[in-house]
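A.B. asks: For reference, the chains in residue letters:
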Amino acid sequence: MDNHKLLEIKDLKMYFNINKGLFKKDNKFLKAVDGVSLNVNRGGTYGLVGESGCGKTTVGRTVLGLYTATGGEVIYDGDNLTQKSEKEFFPYRKKIQMIFQDPMTSLDPTKTVGEIIGAPLSVHNICSGKERTERIRYLINLVGLKPDHISRYPHEFSGGQRQRVGIARALAVEPEFIVCDEPISSLDVSIQAQIINILEEFQEKFGFSYLFISHDLSMVRHISQKVGVMYLGHLVEEAEVDELYNNMQHPYTKALMSAIPIADPDINRRSSRIILEGDVPSPINPPSGCPFRTRCSYSKDICSAEKPELRNIGRNHMVACHII
Amino acid sequence: MENLLEIKNLRTNFTTSNGVVQAVRGINISLDKGECLGIVGESGCGKSVTMMSILKLLDDNAVVSADEIKFKGIDLMDKDAKFMRTLLGSGIGMVFQDPLTSLNPLYTIGNQIMEPIKIHTNMSSKDARAKAVELLRLVGIPSPESRLKQYPHELSGGMRQRVMIAIAISCEPDLLVADEPTTALDVTIQAQILDLMVDLKNKINTSIILISHDLGIISGMCERVIVMYGGMVMEEGSIDDIFYKTSHPYTKGLLNSIPKIENGKREKLVPIFGSPPDLLNPPKGCPFSGRCDYAMKICGSHLPGMKEISQSHRSACWMLHPKAATLSKGVLTNG
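Chains as they are written, first to last, in my numbering: chain A, 1 to 324; chain B, 1 to 335.
Any given hint could be a false lead.
Away from chain B, derived, C-beta distances all over 12 Å, residues of chain A [to be verified]:
| hint | residue |
| --- | --- |
| 1 | Ile18 |
| 2 | Lys94 |
| 3 | Ile126 |
| 4 | Tyr153 |
| 5 | Gly160 |
| 6 | Gln161 |
| 7 | Ser186 |
| 8 | His215 |
| 9 | Leu217 |
| 10 | His222 |
| 11 | Tyr252 |
| 12 | Ser271 |
| 13 | Arg295 |
| 14 | Asn312 |
FRET-style restraints, in silico, Cβ to Cβ [said to hold, decoys possible]:
| hint | chain 1 | residue 1 | chain 2 | residue 2 | range |
| --- | --- | --- | --- | --- | --- |
| 15 | B | Asp240 | A | Lys5 | 42 to 52 Å |
| 16 | A | Arg137 | B | Val20 | 32 to 42 Å |
| 17 | B | Glu172 | A | Glu8 | 51 to 61 Å |
Computed cross-link-like contacts, PhoX-like style, restricted to lysine-lysine with a CA-CA straight-line distance of at most 25 Å [what the hints assert, rightly or not]:
| hint | chain 1 | residue 1 | chain 2 | residue 2 |
| --- | --- | --- | --- | --- |
| 18 | B | Lys72 | A | Lys226 |
| 19 | B | Lys72 | B | Lys203 |
| 20 | B | Lys297 | B | Lys284 |
| 21 | A | Lys28 | A | Lys307 |
| 22 | A | Lys10 | A | Lys87 |
| 23 | A | Lys254 | B | Lys260 |
| 24 | A | Lys28 | A | Lys13 |
| 25 | B | Lys297 | A | Lys205 |
| 26 | B | Lys268 | B | Lys70 |
| 27 | B | Lys118 | B | Lys79 |
| 28 | A | Lys226 | B | Lys268 |
| 29 | A | Lys254 | A | Lys94 |
Derived by calculation from the structure, the hints in this document are not laboratory data.
All C-beta atoms, glycine included, are put in the ideal place defined by N, C-alpha and C.
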């Protein structure tokens with residue numbers, strides 16, 4: 001695999017102003033992403049995991065330019081995307097595509113599958129007429145649907161088939177980089193494996209790079225080379241996949257891993273779970289210092305006073321924790 | 001000893017504008033006292049409808065029939081809604097998937113916990129209130145007194161599910177039905193809730209029926225599992241039977257679709273191809289035959305009956321027929 005960095009995110013910050021309005025005096029911010037840095041290699045898969053509200057989706061959307069970042073940089077193939085105007089960004093929309101979580105709400109219900117897959121072809125002026133029809137047919141076959149599906153509407157499909165349509169649409173413009181935002185979480189187990197296999201097959205065939213956002217840690221382990229764990233807008237741990245799963249350091253990562261239900265009765269009988277106390281704090285009013293300290297059983301004074309930085313503990317294993 | 005719950009040949013049909021949907025097609029369930037039974041299957045396999053049929057919670061377009069539905073020896077077949085209302089809450093508690101839609105947004109938490117207590121027991125308001133506080137403490141909600149005055153939207157998802165569980169166990173039911181209780185929750189919160197349910201099961205000795213699509217949750221919680229597909233039971237057995245002596249190709253398929261996390265090696269996932277059958281027009285033979293790698297001629301035309309493999313383990317597959325041969329003791333090997 002080529003180790004060249006395709007996407008580089010540097011200290012990305014995304015704050016949402018939640019108190020905006022004519023008569024509101026002071027601004028209140030929801031810090032969805034607060035200083036996240038990560039790299040995705042060309043042809044590689046970076047898995048971003050975390051619980052709901054940790055900011056993983058916001059990272060994905062900021063990469064696509066759907067949000068304007070509050071701070072930090074998104075560098076794609078050497079170009080800084082955060083400083084680009086809408087017009088300058090346009091060519092990158094062809095290179096970066098997205099697969100959404102819920103294929104029911106991300107496909108226009110009033111358009112046929114052919115129109116949905118054809119839309120990006122027209123927007124980017126890739127082809128028209130007979131060539132366009134040919135290409136739609138090719139894409140439909142590629143994702144394992146049948147040509148007579150082209151004239152049907154999204155509601156006529158099952159969840160798995162709809163997700164295939166979503167993938168075909170993302171592939172239409174021949175992208176290099178695809179942000180997969182929870183692409184399988186709304187699907188049944190047997191269908192999840194189908195979609196994951198498609199994504200892997202296409203990566204081999206076309207050399208795609210993925211930013212794979214998910215809360216499903218076992219799927220992330222299966223598909224990624226590098227994994228980052230997010231908590232409350234921060235990256236708390238990052239490493240190569242085997243290093244992370246075999247040698248996890250951060251207390252949050254440990255708790256998260258031990259919470260995954262494993263489909264093996266023997267393992268369940270042998271191991272005991274780490275049960276975290278309480279809920280994730282609100283990102284509007286995050287705790288001082290380490291974001292995880294309110295639920296962490298190892299918390300010390302320094303954790304509330306100082307925010308831990310990501311440190312390399314060897315083998316490119318990065319951890320943000322004072323106790324390690 | 002009498003079983004707590006005994007269901008024989010349950011069938012549920014829905015009349016819709018497109019025709020009759022046969023959601024449940026002949027299901028037998030029996031549950032011992034204190035047992036935790038898991039019902040696993042994909043969406044649309046009829047696992048939720050099965051429980052809703054027994055509790056008579058379905059809409060008017062549902063037609064439920066059965067040879068027998070008995071709870072604690074009481075025949076529920078001919079009981080009306082009024083009787084069911086006295087049973088639900090006191091005898092059977094339910095926890096639903098989405099706590100935000102199953103709690104009433106207009107009433108306080110305290111109000112909703114005290115309601116079943118007041119209906120099913122003769123407690124005074126003051127005692128009911130004390131009981132509500134005690135229940136909230138039992139399900140691990142901090143500062144329960146002040147929570148009583150809060151509304152569901154003021155609580156987080158995990159907290160709401162704890163409130164649901166508090167309501168479900170308020171009258172110490174003999175049976176707790178949990179329908180995908182943690183699907184809407186994050187994994188760390190899911191672990192909290194499952195831990196709580198195991199804890200409560202030991203404390204108040206209720207039986208649990210846990211409906212889930214997640215084999216991981218089932219394997220950690222249950223003693224016995226029923227695998228459903230296309231409105232029918234495919235395989236039934238103890239968790240060791242289901243996970244280590246898997247007999248039915250569908251169960252095997254489900255287990256193969258999950259990435260294995262324990263060893264460093266990454267194997268390619270083996271999905272089940274195709275999608276579940278249309279229950280408007282269910283296949284004549286085995287519902288899984290269209291997606292099954294081992295399907296034979298007979299599978300498409302005739303239903304396989306339940307075959308006993310061991311005392312605790314049964315499976316509905318034609319491969320277990322003596323004439324089909326080649327499988328050792330009904331256990332599918334990999335590949």
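A.B. asks: Given the proposed pairing of A/Lys28 with A/Lys13, does the C-alpha separation stay at or below 25 Å?
C.D. replies: 15 Å, holds
A.B. asks: According to the definition I'm using, a residue is off the interface if its beta carbon is farther than 12 Å from all beta carbons of the partner; does A/Ser186 meet that for chain B?
C.D. replies: Nearest chain B Cβ is 10 Å from A/Ser186, so the label is violated.
A.B. asks: Taking only the CA atoms, is the gap from B/Lys297 to A/Lys205 under or equal to 25 Å?
C.D. replies: 37 Å, violated
A.B. asks: A/Gln161 clear of chain B by more than 12 Å, beta carbon to beta carbon?
C.D. replies: 7 Å, violated
A.B. asks: For the pair supplied as a hint, A/Lys254 and A/Lys94, confirm whether the alpha-carbon distance does not exceed 25 Å.
C.D. replies: Not satisfied, since the Cα-Cα distance of roughly 38 Å exceeds 25 Å.
A.B. asks: Verify the proposed pairing of A/Lys226 with B/Lys268, using a straight-line Cα cut of 25 Å.
C.D. replies: 18 Å, holds
A.B. asks: Say whether it holds or is violated: A/His215 keeps its Cβ farther than 12 Å from all Cβ of chain B.
C.D. replies: 7 Å, violated
A.B. asks: For A/His222, which was marked as not at the interface, is the minimum beta-carbon distance to chain B over 12 Å?
C.D. replies: Given that some Cβ of chain B is not farther than 12 Å from that of A/His222, nearest at about 4 Å, it is violated.
A.B. asks: How does the Cβ-Cβ distance of B/Asp240 and A/Lys5 compare with 42 to 52 Å: does it lie in that range?
C.D. replies: 48 Å, holds
A.B. asks: Verify that the Cβ of A/Tyr153 lies farther than 12 Å from every Cβ atom of chain B, and report whether the claim holds or is violated.
C.D. replies: 16 Å, holds
A.B. asks: Quickly compare the C-alpha distance for B/Lys297 and B/Lys284 to 25 Å and report which way the hint goes.
C.D. replies: 12 Å, holds
A.B. asks: In terms of Cβ atoms, is chain B entirely out of 12 Å range of A/Lys94?
C.D. replies: Non-interface label on A/Lys94 holds, nearest chain B Cβ at 30 Å vs cutoff 12 Å.
Comparing the model with each numbered hint stated earlier shows that hints 5, 6, 7, 8, 9, 10, 11, 12, 13, 18, 25, 26, 29 do not hold.
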